Amino acid sequence: MSTTVPEEVVDSAAIASASTKRRSLWALAIRNPSVIFGGVILLIMVAIAVLAPVLGTVDPTRIDPASRNKKPGTELTIRLEDGKTMKRVALMGTDSLGRDVYSRVLYGTRVSLIVGVAVAAVAVSLGLVIGLVSGYIRWLDGFIMRIMDGLMAIPGILLAIALVSIWRSGLSTVIFAIAVPDTPRVVRLVRSIVLSVREEPYVEGAISVGTPTWLVMFRHILPNTIAPLIVQATFTAAAAILAEAYLSFLGIGIPPETPSWGNIMAEGRTLFRVFPHNILYPGIFIALTVLAINIMGDGLRDTLDPKMSKKV
Amino acid sequence: MLDFIARRLVSIIPVLAVVALFVFFMLRLTPGDPAAVIAGDNATSDQIADIREKLGLNLPIWQQFGIWLGNMLQGNFGESFFFKKTVSELIAQRLEPTLALSICTLILAVTTAVPLGVIAAYRQGSLLDRVVMGFSVLGFSMPSFVIGYCLIYVFAIELGWLPVQGYTRIGTDFWAFLERMVLPSVTLGIIYVALIARITRASILEVLNEDYIRTARAKGLSNRVVLMRHALRNAAVPILTVIGVGVALLIGGAIVTESVFGLPGLGRLTVEAVLSRDFPTIQAVILLFSVVYVVINLIIDISYTIFDPRIRY
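The listed protein sequences correspond, in order, to chains A and B.
Taking this note's numbering, the leading residue of the first sequence gets 1, the next gets one more, and so forth.
Taking this note's numbering, the leading residue of the second sequence gets 1, the next gets one more, and so forth.
Only chain B is shown next, with the shape it has when bound in the complex:
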């Protein structure tokens, strides 16, 4: 087991190396002097010279990469000239809304999608099954911001139940925070629910034909126990896999959802950084999101052994 974890840890090194190379060369692929691009439009020539010195832009390219990578590994993402802050400060400021939105969405999506998928599989071919499956295809086909605006229109403007936009920090007022998380989490959750419900249904259907399910039924266990303890547990691996893969969708969706609901998170920061061509911030955000995505999938890989003891590494 420890051997497996070590091997998996080693295997993410080349992946992250490719990501790092891409992010590093991003700046070199843009037309123009990298130092001038980083400094932005209003920079003085002193500032540009200073940046060139700091990044070692006069050195050979592989040494530049070494300096850059060393900085990144120490958490030194450079300075955002547009926001006039270090990128690390900027990210720390914007972390909470994104983290809150992702966690709320994840909880909401998993607790809705897994039961839906299980019931759809159990009642295969029924009206409910068809509604769940139809919904999941529809969920894939709607841009999440359209769903977001529809929800705002109905629940915030017409009914007035929830606030339209904005964010309250969790420490300031918990209820206000929760109120403002409902619509964004539902918006972002729909595509995730569609994805998880679909895979849950498919993997439960596959498992339901197994001998041990017949045995469990023959023992006289209730449907609930058979479905939850025997079927769902055996179907857990593909469900977990898709939850991990879906994190990419979650990150992409968060960028859009934060814009719709005016949440001052990392997604909004990404868009602001691209619009102002603030490359240190763009680079840091891409690195950060990619590392999070890879690490989550690594954890899920390792967790397979808990859900399915037959998997031995």
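With the rest of the complex left out, here is chain A:
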């Protein structure tokens, strides 16, 4: 019983000072101009993704042989199911199956954002668990890190292609295949933080008063990884959106009828010389989204993790 009292004291003091420091950092982060700029563009993209059905779109998978390969701005006559016709301007033209590119691009925002967030979440959580274990349980460290080194020796896109080729292509396969090559980077990051933090007096103090290992990890070590991991997660999300586009563009990503930016561009490849709009519009959207996330990531890194900003 006597040991629990000092533990509580050490704990609350460490947490209190750490959390005020963290809170002020967050306040600083959201005032950073890069974070605001990137964040606003990203919010617009999220709004587009959520509001896609009400932004004047039609079914993005609807094939219309009568209006194939129309240039942007062409007025189309669409025959509805009840036999009536309606006029509609194809803002971004149509593809070679007559699908509306504007609707596909807007709905594609959903796929890309889902892939970005999901890959970042999978890579960070896998990397966090493996990194904590590797940094804290010393006898496992060598073994885990050799595997991570091996995975990092396979160029990222190639590893993703290999993983996609093993399983059937689909959204979850693509997410997992893109997340795996990103995981070793997170593991290394978490491990290096664990290794430096475990020497800190407050961790030694907590251990010496008999705090169980899982509690030390959870309460004293984990909070130190949050800021760097958020920075890492933004860059991972940006890279993942690009990677999905690469895989879909090569024809080995998400099934082609799904409206994703990569798929729209893959479909537009063959007739690119005559109808560049199939590549241009999704290209602009993808560049804008990834740029916004990267700029936001730069801003977050500068404020949350100044040590890391020196490295790149």
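The set of hints was computed from the structure by calculation and includes no laboratory data.
The model shown is predicted, which means the values in this text are computed figures rather than measured ones.
The C-beta atom is built at its ideal place from N, Cα and C for all residues, glycine as well.
Wrong hints could be hidden among the right ones.
[Said to hold, decoys possible] Derived coverage of chain A by chain B (criterion: at least 3 residues anywhere in the stretch with Cβ under 8 Å from a Cβ of chain B; other residues may be distant): (1) 142-155; (2) 287-297.
[Stated by the list, open to error] Straight-line C-alpha distance at most 25 Å; calculated SDA-like pairs for lysine to any residue: (3) K71(A) <-> A156(B); (4) K71(A) <-> V58(A); (5) K71(A) <-> L151(B); (6) K54(B) <-> I166(A); (7) K85(B) <-> Q74(B); (8) K54(B) <-> I67(B); (9) K71(A) <-> A52(A); (10) K84(B) <-> K71(A); (11) K71(A) <-> E158(B); (12) K85(B) <-> L288(B); (13) K85(B) <-> G262(B); (14) K71(A) <-> R169(B); (15) K84(B) <-> Q64(B); (16) K71(A) <-> V154(B); (17) K85(B) <-> G40(B); (18) K71(A) <-> L159(B); (19) K85(B) <-> R169(B); (20) K71(A) <-> G160(B); (21) K85(B) <-> R28(B); (22) K84(B) <-> G125(B); (23) K85(B) <-> D46(B); (24) K85(B) <-> L95(B); (25) K84(B) <-> G251(A); (26) K71(A) <-> Q165(B); (27) K71(A) <-> Y122(B); (28) K85(B) <-> A52(A); (29) K85(B) <-> R277(B); (30) K84(B) <-> L287(B); (31) K85(B) <-> I252(A); (32) K71(A) <-> G40(B); (33) K85(B) <-> Q124(B); (34) K84(B) <-> P223(A); (35) K71(A) <-> Q64(B).
[What the hints assert, rightly or not] With the Cβ distance kept under 10 Å, some of the chain A side facing chain B (calculated, not the full set): (36) L159; (37) I161; (38) A162; (39) W167; (40) L171.
Starting from the structure of chain A, add chain B where the hints point.
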């Protein structure tokens, strides 16, 4: 020094072992009989039995791995049933375009990015610095195939200066070869330029505050000499490191760029192999690219001592 090289050589063995294990188990993770998967859809049962015999698929798994590894180390990558050739032949055929594209890109990227980074650091905060930095963030954010198609549209279709797609072997017609390398190298080079320029700027900025730079200036040396001989040489290690790490980007980018420009290289082969589920070829390509990546980084590690004599191993 020799001791260091030996130690570094030994250290890549576990890395390559993990890569080999991954590539080996790839085939075992796919649903279905490995022999049937290798043989492809149109195989006869005799062919499947033959493959099973050759790979020792009836033996315990660790013996299978031994047989497979022995074959790989002898350069025997097996047979591609889809392309109806041995995988080694296939790779030899497709090697030239990829090698040419990588070398052209590397030369182009390093000769553009390093001066850009140095000037951006020297004129920190200037318009030029901001343009270079803005470009480098943008370069990271554009899919390289979009850049490729934009370049094709402007320079090949609208202006008609360069051919749209295709490849001419270097031995057939050197000028035609060079003409067809321009757009792919620029496309693939942009992300690489972005990466190298950024790191060059950062490491030169760090070095410019050092005492020896002040000393060099005080001696009355010209800016050019101070920047090139004193600053750049001391900033070389991080730049070299990022060039090595960037090889992974280069390989990934080559796969996409070859598809955009219709270059019959290893990247295109990788995609064709995945689409036709031709596993012997997929396995060989992954092994090959990974070994190249690891070896390049090993060479760069060793070369640190040349650029920075303070590093002693």
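For each hint, the structure was consulted:
Judged by the Cβ-Cβ criterion of 8 Å, the stretch 142-155 of chain A is covered by chain B as claimed, because 8 of its residues qualify and three suffice. With 5 residues having a Cβ less than 8 Å from any Cβ of chain B, the stretch 287-297 of chain A passes the three-residue criterion, so the hint holds. At roughly 21 Å between alpha-carbon atoms, K71(A) and A156(B) fall within 25 Å of each other, so this suggested pair holds. Of the pairs offered as hints, the one joining K71(A) and V58(A) holds, with about 17 Å between alpha carbons and a cut-off of 25 Å not exceeded.
Proposed proximity of K71(A) and L151(B) is supported: the alpha carbons are some 21 Å apart, at most 25 Å. Distance check on the hinted pair: K54(B) and I166(A) sit about 22 Å apart at the alpha-carbon level, within 25 Å; holds. Annotation: proposed proximity of K85(B) to Q74(B) holds, straight-line Cα distance about 17 Å (limit 25 Å). For the hint pairing K54(B) with I67(B), the CA-to-CA distance comes to about 9 Å; that is within 25 Å, so the pair holds.
For a cut-off of 25 Å, the pair hint linking K71(A) to A52(A) stands: about 22 Å separates their Cα positions. With a C-alpha separation of about 43 Å, the suggested pairing of K84(B) with K71(A) is violated against the 25 Å cut-off. Of the supplied pair hints, the one linking K71(A) and E158(B) holds, its CA atoms being roughly 18 Å apart against a limit of 25 Å. This hinted pair checks out: K85(B) and L288(B) have alpha carbons roughly 18 Å apart, not beyond 25 Å.
Between the alpha carbons of K85(B) and G262(B) the distance comes to roughly 21 Å, so the proposed pair stays at or under 25 Å and holds. Of the supplied pair hints, the one linking K71(A) and R169(B) is violated, its CA atoms being roughly 37 Å apart against a limit of 25 Å. Simply put, K84(B) and Q64(B) have alpha-carbon atoms about 24 Å apart, close enough for the 25 Å limit, and the pair holds. Between K71(A) and V154(B), the direct Cα distance comes to roughly 19 Å. Compliance with the 25 Å bound is thereby established for this hinted pair.
Distance restraint check for K85(B) and G40(B): the Cα-Cα separation of roughly 14 Å lies within the 25 Å cut-off, and the hinted pair is therefore satisfied. Annotation: proposed proximity of K71(A) to L159(B) holds, straight-line Cα distance about 21 Å (limit 25 Å). A distance of roughly 21 Å separates the Cα atoms of K85(B) and R169(B); the hinted pair therefore holds under the 25 Å criterion. Restraint check for K71(A) and G160(B): satisfied, since their Cα atoms lie roughly 23 Å apart, inside the 25 Å limit.
Between K85(B) and R28(B), the direct Cα distance comes to roughly 23 Å. Compliance with the 25 Å bound is thereby established for this hinted pair. Annotation: proposed proximity of K84(B) to G125(B) is violated, straight-line Cα distance about 58 Å (limit 25 Å). With a C-alpha separation of about 18 Å, the suggested pairing of K85(B) with D46(B) holds against the 25 Å cut-off. With a C-alpha separation of about 15 Å, the suggested pair K85(B) and L95(B) falls inside the 25 Å cut-off, and the hint holds.
Annotation: proposed proximity of K84(B) to G251(A) holds, straight-line Cα distance about 23 Å (limit 25 Å). About 24 Å separates the Cα atoms of K71(A) and Q165(B), which keeps this hinted pair within 25 Å; it holds. A hinted pair counts as satisfied when its Cα atoms are at most 25 Å apart, and K71(A) with Y122(B) does not qualify at roughly 47 Å. Proximity of K85(B) to A52(A) is assessed by CA-CA distance (about 49 Å); at most 25 Å being required, the pair is judged violated.
Simply put, K85(B) and R277(B) have alpha-carbon atoms about 15 Å apart, close enough for the 25 Å limit, and the pair holds. Between K84(B) and L287(B), the direct Cα distance comes to roughly 20 Å. Compliance with the 25 Å bound is thereby established for this hinted pair. Between K85(B) and I252(A) the alpha-carbon distance is near 24 Å, which keeps this suggested pair within the 25 Å criterion. For the given pair, K71(A) sits about 41 Å from G40(B) by alpha-carbon distance, which is inconsistent with the 25 Å threshold.
A C-alpha spacing of about 56 Å is found between K85(B) and Q124(B), which places the hinted pair above 25 Å, so the restraint is violated. The straight-line distance between the Cα atoms of K84(B) and P223(A) is roughly 56 Å, outside the 25 Å bound, and the hint therefore fails. Taken as a hint, the K71(A) and Q64(B) pair is broken in the structure, with Cα atoms around 57 Å apart against an allowance of 25 Å. Residue-level restraint check for L159(A) holds (minimum Cβ-Cβ distance to chain B is 8 Å; threshold 10 Å).
The closest approach between the C-beta of I161(A) and any C-beta of chain B is roughly 6 Å, which is under the 10 Å cut-off, so the hint is satisfied. Proximity of A162(A) to chain B holds as hinted, the smallest CB-CB distance being about 5 Å (cut-off 10 Å). Checking W167(A) against chain B by beta carbon gives a least distance of about 8 Å; that is within 10 Å, so the hint holds. This hint is violated: L171(A) has a C-beta 18 Å from the nearest C-beta of chain B, more than the 10 Å allowed.
The structure fails hints 10, 14, 22, 27, 28, 32, 33, 34, 35 and 40 (numbered hints given earlier, in ascending order).
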